[in-house]
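Q: These are the residues of each chain, in order.
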Amino acid sequence: MKKQELSWKAGGQQGEGLESLGEIFAAALCSLGYDVYGYRQFSSRIKGGHTSYKLRIANHPVATIASSCNLLIAMDPDTLEVDAPELTAEGILVTDTAWLEGKKPKVRTVALSWNELSKADGTTLPKNILALGITAALLGIDTAKLLPLLEKQYGRKGAEVMETNRLALETGYEYIKNNYHDLLAAFTMPELENPQPKLFMLGNEAVALGALTSGAKFMSAYPITPSSEIMEYMVKYAPAEGGVMLQTEDEISACTMAIGAAYAGARAFTATAGPGLSLMAEAIGLAEMTETPLVVIDTQRGGPSTGLPTKHEQSDLMAAIYNTHGDTAKIVISPSSIEESFYDTFEAFNLAEEYQCPVIVLSDLQLSLGKQSVTSLDYGKLQVRRGKLVKDGLPEIKSPEYFKRYDLEAEGSISMRVLPGTPNGISLGTGLEHDEVGRPSENRAMRTAQSDKRLRKVRSVVDTFESPLYEDAPYPQSDLLIIGMAGTRAVISEVAEELREKGLRVNHVQIRLLSPFPVCALNHYLQEAKKIVVVEHNATAQLARLIKMNVPPCPELHSILKYNGDIFYKEELLAKCKEVL
Amino acid sequence: MSTLASFQNQVKPNWCPGCGDYAVQMALQQAAVKLNLEPHQLALVSGIGCSGRIGGYLYAYGMHTTHGRALPFAQGVKLANPELTVIACGGDGDGFAIGTAHTIHAMRRNVNITYILMDNHVYGLTKGQTSPRSDVGFKTKTTPTGNIETPIAALELALASGATFVAQGFSAQLPQLVDLIVAAVRHEGFSFVNVFSPCVTFNHTNTYEWFREHLSDVKDIAGYDPHDKGAAARHIMEKEGMLTGLLYENDRASYEQASGLAGFNTIKNVEKMPQANFNKLLEGFK
Numbered sequence: 001m002k003k004q005e006l007s008w009k010a011g012g013q014q015g016e017g018l019e020s021l022g023e024i025f026a027a028a029l030c031s032l033g034y035d036v037y038g039y040r041q042f043s044s045r046i047k048g049g050h051t052s053y054k055l056r057i058a059n060h061p062v063a064t065i066a067s068s069c070n071l072l073i074a075m076d077p078d079t080l081e082v083d084a085p086e087l088t089a090e091g092i093l094v095t096d097t098a099w100l101e102g103k104k105p106k107v108r109t110v111a112l113s114w115n116e117l118s119k120a121d122g123t124t125l126p127k128n129i130l131a132l133g134i135t136a137a138l139l140g141i142d143t144a145k146l147l148p149l150l151e152k153q154y155g156r157k158g159a160e161v162m163e164t165n166r167l168a169l170e171t172g173y174e175y176i177k178n179n180y181h182d183l184l185a186a187f188t189m190p191e192l193e194n195p196q197p198k199l200f201m202l203g204n205e206a207v208a209l210g211a212l213t214s215g216a217k218f219m220s221a222y223p224i225t226p227s228s229e230i231m232e233y234m235v236k237y238a239p240a241e242g243g244v245m246l247q248t249e250d251e252i253s254a255c256t257m258a259i260g261a262a263y264a265g266a267r268a269f270t271a272t273a274g275p276g277l278s279l280m281a282e283a284i285g286l287a288e289m290t291e292t293p294l295v296v297i298d299t300q301r302g303g304p305s306t307g308l309p310t311k312h313e314q315s316d317l318m319a320a321i322y323n324t325h326g327d328t329a330k331i332v333i334s335p336s337s338i339e340e341s342f343y344d345t346f347e348a349f350n351l352a353e354e355y356q357c358p359v360i361v362l363s364d365l366q367l368s369l370g371k372q373s374v375t376s377l378d379y380g381k382l383q384v385r386r387g388k389l390v391k392d393g394l395p396e397i398k399s400p401e402y403f404k405r406y407d408l409e410a411e412g413s414i415s416m417r418v419l420p421g422t423p424n425g426i427s428l429g430t431g432l433e434h435d436e437v438g439r440p441s442e443n444r445a446m447r448t449a450q451s452d453k454r455l456r457k458v459r460s461v462v463d464t465f466e467s468p469l470y471e472d473a474p475y476p477q478s479d480l481l482i483i484g485m486a487g488t489r490a491v492i493s494e495v496a497e498e499l500r501e502k503g504l505r506v507n508h509v510q511i512r513l514l515s516p517f518p519v520c521a522l523n524h525y526l527q528e529a530k531k532i533v534v535v536e537h538n539a540t541a542q543l544a545r546l547i548k549m550n551v552p553p554c555p556e557l558h559s560i561l562k563y564n565g566d567i568f569y570k571e572e573l574l575a576k577c578k579e580v581l
Numbered sequence: 582m583s584t585l586a587s588f589q590n591q592v593k594p595n596w597c598p599g600c601g602d603y604a605v606q607m608a609l610q611q612a613a614v615k616l617n618l619e620p621h622q623l624a625l626v627s628g629i630g631c632s633g634r635i636g637g638y639l640y641a642y643g644m645h646t647t648h649g650r651a652l653p654f655a656q657g658v659k660l661a662n663p664e665l666t667v668i669a670c671g672g673d674g675d676g677f678a679i680g681t682a683h684t685i686h687a688m689r690r691n692v693n694i695t696y697i698l699m700d701n702h703v704y705g706l707t708k709g710q711t712s713p714r715s716d717v718g719f720k721t722k723t724t725p726t727g728n729i730e731t732p733i734a735a736l737e738l739a740l741a742s743g744a745t746f747v748a749q750g751f752s753a754q755l756p757q758l759v760d761l762i763v764a765a766v767r768h769e770g771f772s773f774v775n776v777f778s779p780c781v782t783f784n785h786t787n788t789y790e791w792f793r794e795h796l797s798d799v800k801d802i803a804g805y806d807p808h809d810k811g812a813a814a815r816h817i818m819e820k821e822g823m824l825t826g827l828l829y830e831n832d833r834a835s836y837e838q839a840s841g842l843a844g845f846n847t848i849k850n851v852e853k854m855p856q857a858n859f860n861k862l863l864e865g866f867k
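First to last, the sequence lines map onto chains A and B. Mapping to the numbering used here: the first sequence position 520 is 520, numbers consecutive. Mapping to the numbering used here: the second sequence position 91 is 672, numbers consecutive.
Among the clues, some could well be false.
To be verified - Computed footprint of chain A on chain B; a stretch qualifies when at least three of its residues, placed anywhere within it, have a C-beta under 8 Å from a C-beta of chain A:
{"no.": "1", "stretch": "619-632"}
{"no.": "2", "stretch": "765-776"}
As the list claims (entries may be wrong) - Sample of chain B residues facing chain A (criterion: CB under 8 Å; computed from the structure):
{"no.": "3", "residue": "Gly-643"}
{"no.": "4", "residue": "Phe-654"}
{"no.": "5", "residue": "Met-854"}
Unchecked claim - Derived lysine to any residue pairs resembling SDA-like cross-links, with alpha carbons at most 20 Å apart:
{"no.": "6", "chain 1": "B", "residue 1": "Lys-861", "chain 2": "A", "residue 2": "Gly-242"}
{"no.": "7", "chain 1": "B", "residue 1": "Lys-800", "chain 2": "B", "residue 2": "Asn-831"}
{"no.": "8", "chain 1": "A", "residue 1": "Lys-381", "chain 2": "B", "residue 2": "Lys-615"}
{"no.": "9", "chain 1": "A", "residue 1": "Lys-236", "chain 2": "B", "residue 2": "Ala-741"}
{"no.": "10", "chain 1": "A", "residue 1": "Lys-236", "chain 2": "B", "residue 2": "Gln-856"}
{"no.": "11", "chain 1": "B", "residue 1": "Lys-867", "chain 2": "A", "residue 2": "Asp-378"}
{"no.": "12", "chain 1": "B", "residue 1": "Lys-820", "chain 2": "B", "residue 2": "Leu-740"}
{"no.": "13", "chain 1": "A", "residue 1": "Lys-236", "chain 2": "B", "residue 2": "Lys-861"}
{"no.": "14", "chain 1": "A", "residue 1": "Lys-236", "chain 2": "B", "residue 2": "Gln-838"}
{"no.": "15", "chain 1": "A", "residue 1": "Lys-570", "chain 2": "A", "residue 2": "Gln-4"}
{"no.": "16", "chain 1": "A", "residue 1": "Lys-236", "chain 2": "B", "residue 2": "Asn-858"}
{"no.": "17", "chain 1": "B", "residue 1": "Lys-615", "chain 2": "B", "residue 2": "Leu-740"}
Source of the hints: derived by calculation from the structure; they are not laboratory data. Values in this document were obtained by computation on a predicted structure and should not be read as measured data. Heads up, the beta-carbon is just placed ideally off N, CA and C, and yes, glycines get one too.
Throw the hints in and build the complete structure from the sequences for me.
A: Encoded structure:
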């Protein structure tokens, strides 16, 4: 079946219901079996300020935004300035007539008056649902197919609210039917073969679902963009599992509380973005020193300082690995799709318990807030692994004997972990350097041995981590190797595909295990490539530096960097790759 | 049955001879016996400073955390395993400087743990700097001409923050301190016990003698009612905080009760979510 797709966008002022519009529409499309990818652009204010919601509708999996747009709905004048340039020549613009003054759109245009259209007997029809009706008409979608999703969103608000929204949907549809009859079903929707309803999921929701599925029932966190949806999902669904999401006074408390809960036996985690990660640095060191499992989700955004709170970036890589003082050996993993956000979060809890150390899951804004169709998640393949956890049956000990929590003879340098409350397991923990039972120690030999223990134990992760790389690398020798991490996977895939169609041998890998670094897995791709580009969203080429630090001698790496807050689009990335070739 | 010896671990503390913290250590051990605890049922979480070392000086599960963060850690422990008795300990630097926010919010939150703050009005482990509890005019290495900042009013701050159990003890009054700790642990919710624990090396102003001279017991106040917040606040202010005993208590629902965790808490039972629950969550994405 031929790949077909359409791109739809609505722009307006924040607070006008853009998000509901996009979500209802996308969820309806998913229920009809389409593949969709939704991405919202917003500023960090609640009301006012231009915002947009863009949807890519396809008959094949899509995981990034399209740079062009077929149908654009302008709910504010800014849309004409900001978003209209994306319209294709065959596109349609829906706008208020008032905003067209002195402008002559080059595309087919539906000019209306939002004010007039929203007037109804005794009520004002919501602009966003009018836009949904207009959309349905232009795309030839039966409004009856949208009603169940409208009901899901507004039904609980009462019959009156629901009726107003239903009326808005019909009014929008009828407006096109009556005034722009030739534009009814102006676009052909992508052709579907055997359509199956899909899940419509936010990256952050996939993370929270992964955590809950793995048995993590304790989350302590402080709200921050773009991670807050993880808290919001947990607070909704953790209580039914006997758990809790607790909003703390700050990120220091959030991280430390999660460590406390993990020490007591919970699978516990926190989620944050750059500024919070900086605040958590010391606590992460406590988890490292006391060998307590901890999972921290970092949804990267623009830095440094408050940076670009609502914009995309991948500049926390070095901080995720190194921001804690002293010699630390955390595990840092980075999912490159929404599905991997689910699986990797699940796995993060296994790693944290098996290796008894902090695990950072490095996501980014595009991955966190990108919402897309997901065909399925494989529950069956997931397994909980708790590592060397002693639950009972310990030989009797009495004061002053202690359990050797930090046993230096332990296999693989990973010692048995005992939880407080366990009889005959009494041991100590401290952020100070310590001896084998956890008593503070400045003994030089002990210091060296305990430090080596902590650093040595995580090395085997490179051998045991199931997929240290996402690999789309069909060629033994390549003309071009493209390397990325986290949210850039989809756009790189599309670029690779296009270059392959031109006859180039292009291999693509996303690095999913960032620390410890999978040197062996990556090196053979590096050695067998004529040219190598590293694509990342930061100014200092952090991923390329990390590769060079770990792979000596490293072939020449060409960096393609973008750090203006926006994501990579296919055409620009393609052009930059061609420059290197 | 545990005895005092059950909670002793033969580790020689690094505290100076005469330090008030020895009495806190002893009081904790006696209280643990009175509470019929076994060592493995007690988690002692401490911060940083001389006081923070106490986590390693009792035979129990001890965790010596980072500066100012004993409370967040301790709350995490308790929420994950409500069967444990969780006591957090720290100094006035921990609780009223670097960790003030946690102190206030732990009081608001009301998780069922006990916080023992060893208050000596000075930074001892870093060898004598001012503390947020130092008196105005107090001379230290960092306030050579005398402290010019107003000390934090610990008890008023606790009342204002919604603490449901506020008590104050003194290292030289061991039986009272033991009783206060026992009552604090039995209190359902967050219990705060401020303990004047003199530093004999770096504080030659707020000495044992000085505290004896200035402190009075609420038991000596006719008709003192620890359930009357207004009266408690008035007495505390009148005495400028120099009162010992149980100063205030109320029965506001603990975090566990209010959140529903008290009825259904499976946090420490780690297992893969049952398939039926997983499928139900997936339905939410359709």
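Q: Hints first: check each against the structure and report whether it holds.
A: Here's how the hints hold up against the structure:
1. 619-632: holds (count 7)
2. 765-776: Violated: only 0 residues of the stretch 765-776 of chain B have a Cβ under 8 Å from chain A.
3. Gly-643: Where the cut-off is 8 Å and the nearest Cβ of chain A is about 5 Å from B/Gly-643, the hint holds.
4. Phe-654: Result: holds, 4 Å to nearest chain A Cβ.
5. Met-854: Holds, about 5 Å.
6. B/Lys-861 with A/Gly-242: holds (16 Å)
7. B/Lys-800 with B/Asn-831: Since the Cα atoms of B/Lys-800 and B/Asn-831 sit roughly 18 Å apart, the hinted pair holds (cutoff 20 Å).
8. A/Lys-381 with B/Lys-615: Roughly 50 Å between the alpha carbons, so the hint for A/Lys-381 and B/Lys-615 is violated.
9. A/Lys-236 with B/Ala-741: Roughly 31 Å between the alpha carbons, so the hint for A/Lys-236 and B/Ala-741 is violated.
10. A/Lys-236 with B/Gln-856: Given pair A/Lys-236, B/Gln-856 holds - Cα atoms ~18 Å apart, limit 20 Å.
11. B/Lys-867 with A/Asp-378: holds (16 Å)
12. B/Lys-820 with B/Leu-740: Distance ~15 Å between B/Lys-820 and B/Leu-740 Cα, so the pair holds.
13. A/Lys-236 with B/Lys-861: holds (13 Å)
14. A/Lys-236 with B/Gln-838: The hint holds at about 18 Å.
15. A/Lys-570 with A/Gln-4: holds (16 Å)
16. A/Lys-236 with B/Asn-858: At roughly 14 Å apart (the allowed maximum being 20 Å), B/Asn-858 and A/Lys-236 satisfy the hint.
17. B/Lys-615 with B/Leu-740: violated (28 Å)
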